[in-house]
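Input sequences plus hints: build the corresponding full structure.
Listed below are the residues making up each chain.
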Amino acid sequence: MPEYDTAAEEESPVKILIAGGFGVGKTTLVEAVSEIEPLRTEERLTAAGVGVDDLDGIESKTVTTVAMDFGRITLPDAGVVLYLFGTPGQERFWFMWDDLLRGALGAIVLVDTRRLDRSFAAVDFFENRGLPFIIGANCFHGEQPYTAEQIGAALHLRDPDTPILMLDARSHDDIRGALLALLDVLIAKARASAAV
Amino acid sequence: MPGEQQHGTRRRARLYALTDGRTAAARTVLTMDTMITATVAADDHGGLSSEWQAILAMCRPPNGRAVAEIAARMHMRLTPMTVLLGELLDRGLIHHRPPLEAAETSNVHLLTRIRDSLARI
Numbered sequence: 001m002p003e004y005d006t007a008a009e010e011e012s013p014v015k016i017l018i019a020g021g022f023g024v025g026k027t028t029l030v031e032a033v034s035e036i037e038p039l040r041t042e043e044r045l046t047a048a049g050v051g052v053d054d055l056d057g058i059e060s061k062t063v064t065t066v067a068m069d070f071g072r073i074t075l076p077d078a079g080v081v082l083y084l085f086g087t088p089g090q091e092r093f094w095f096m097w098d099d100l101l102r103g104a105l106g107a108i109v110l111v112d113t114r115r116l117d118r119s120f121a122a123v124d125f126f127e128n129r130g131l132p133f134i135i136g137a138n139c140f141h142g143e144q145p146y147t148a149e150q151i152g153a154a155l156h157l158r159d160p161d162t163p164i165l166m167l168d169a170r171s172h173d174d175i176r177g178a179l180l181a182l183l184d185v186l187i188a189k190a191r192a193s194a195a196v
Numbered sequence: 197m198p199g200e201q202q203h204g205t206r207r208r209a210r211l212y213a214l215t216d217g218r219t220a221a222a223r224t225v226l227t228m229d230t231m232i233t234a235t236v237a238a239d240d241h242g243g244l245s246s247e248w249q250a251i252l253a254m255c256r257p258p259n260g261r262a263v264a265e266i267a268a269r270m271h272m273r274l275t276p277m278t279v280l281l282g283e284l285l286d287r288g289l290i291h292h293r294p295p296l297e298a299a300e301t302s303n304v305h306l307l308t309r310i311r312d313s314l315a316r317i
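Residue numbers (my numbering), protein chains in the order written: chain A, 1 to 196; chain B, 197 to 317.
Be a bit skeptical, because a hint or two may be false.
Stated by the list, open to error - Sample of chain A residues facing chain B (criterion: CB under 10 Å; computed from the structure):
1. 11
2. 33
3. 35
4. 40
5. 41
6. 44
7. 64
8. 68
9. 70
10. 99
11. 179
12. 191
It is worth saying that the hints were derived from the structure and are not from the lab.
Idealized CB from N, CA, C, for every residue including glycine.
Written as structure tokens, this is what we have:
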């Protein structure tokens, strides 16, 4: 039977997480830059750990189904396929989900300044796990009543140099800008650790 | 009718049928962003279930697809999909490319190439 030549050049998968509270515009952001219509996948998480699907129909109280919307950007010149994963809102389950962070380059935490508290959990989680991130303040209706400094102070960011961008989650250019800002952070970090 | 083939019916096969009863995750760890590429053409495997055929057709090289993307397109949750893909992997019908390790994702040259590519999207 004919087999494919798998030695051909192949792109490596990398991922960037898009976090933030419910309704803040994560899927809109993904859609703005993805080469495919955003897709949705689900995972069932339990307190006992992940790995075995629940086939017996008995659910414990600690089981939850989380959904993620995601998109893809193929970057042939870099030899990677970048997946943008919108993280599910139930942050309390993230810590049981090693798969979520494994291999992630970094994250964009999207915030709605009218409901800033909804993004605290994501900021805490990434700070505790040491995943680099930037803040994107979604300007609904093109308006943003707060300055980057005010938003940074309200989020109690551990690293005062964390970039805070004002953006429109629907704007291709804005989201590309946010991705570039995140890559700049990653490159600076990589240079710093390489220099040690 | 007894004995009649179920032509044209689109009943979803049960997961345990697709995976030969296997319910635990495969030995190889397939994460949501592991890239899957078919090693054989779907058409050459008339004996395979339609689900397997669909997966092989979806990740025809050079277009590998992440586990999450295959799960989404097949309308399955992640964990059952990793079990199913583990079975295909064991049979040599697909091959997988794990996400980059931390050492690679903190590589300045790679990050710079990604940044330059993103600047052009």
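To see whether the hints hold, each was checked on the structure:
1. Look at residue 11 of chain A: its Cβ gets to within about 7 Å of chain B, closer than 10 Å, so that hint holds up.
2. The closest approach between the C-beta of residue 33 of chain A and any C-beta of chain B is roughly 6 Å, which is under the 10 Å cut-off, so the hint is satisfied.
3. Taken as an interface hint, residue 35 of chain A checks out: its beta carbon lies about 8 Å from the nearest beta carbon of chain B, inside 10 Å.
4. The restraint placing residue 40 of chain A at the interface with chain B holds, with a minimum CB-CB distance near 6 Å, inside the 10 Å limit.
5. About 4 Å separates the beta-carbon of residue 41 of chain A from the nearest beta-carbon of chain B, less than 10 Å, and the hint is met.
6. Interface hint at residue 44 of chain A: satisfied, since its Cβ lies 6 Å from the closest Cβ of chain B, which is below the 10 Å cut-off.
7. Hint status for residue 64 of chain A: violated, given a least beta-carbon distance of 12 Å to chain B, over 10 Å.
8. For the restraint placing residue 68 of chain A at the interface with chain B, the shortest Cβ-Cβ distance is roughly 7 Å, inside the 10 Å limit, so the hint holds.
9. With a least beta-carbon distance of about 6 Å to chain B, the hint placing residue 70 of chain A at the interface is held under the 10 Å criterion.
10. Taking 10 Å as the C-beta contact cut-off toward chain B, the hint placing residue 99 of chain A at the interface holds, the least distance being around 5 Å.
11. About 5 Å separates the beta-carbon of residue 179 of chain A from the nearest beta-carbon of chain B, less than 10 Å, and the hint is met.
12. Here the hint on residue 191 of chain A is kept, as its CB sits about 6 Å from the closest CB of chain B, short of 10 Å.
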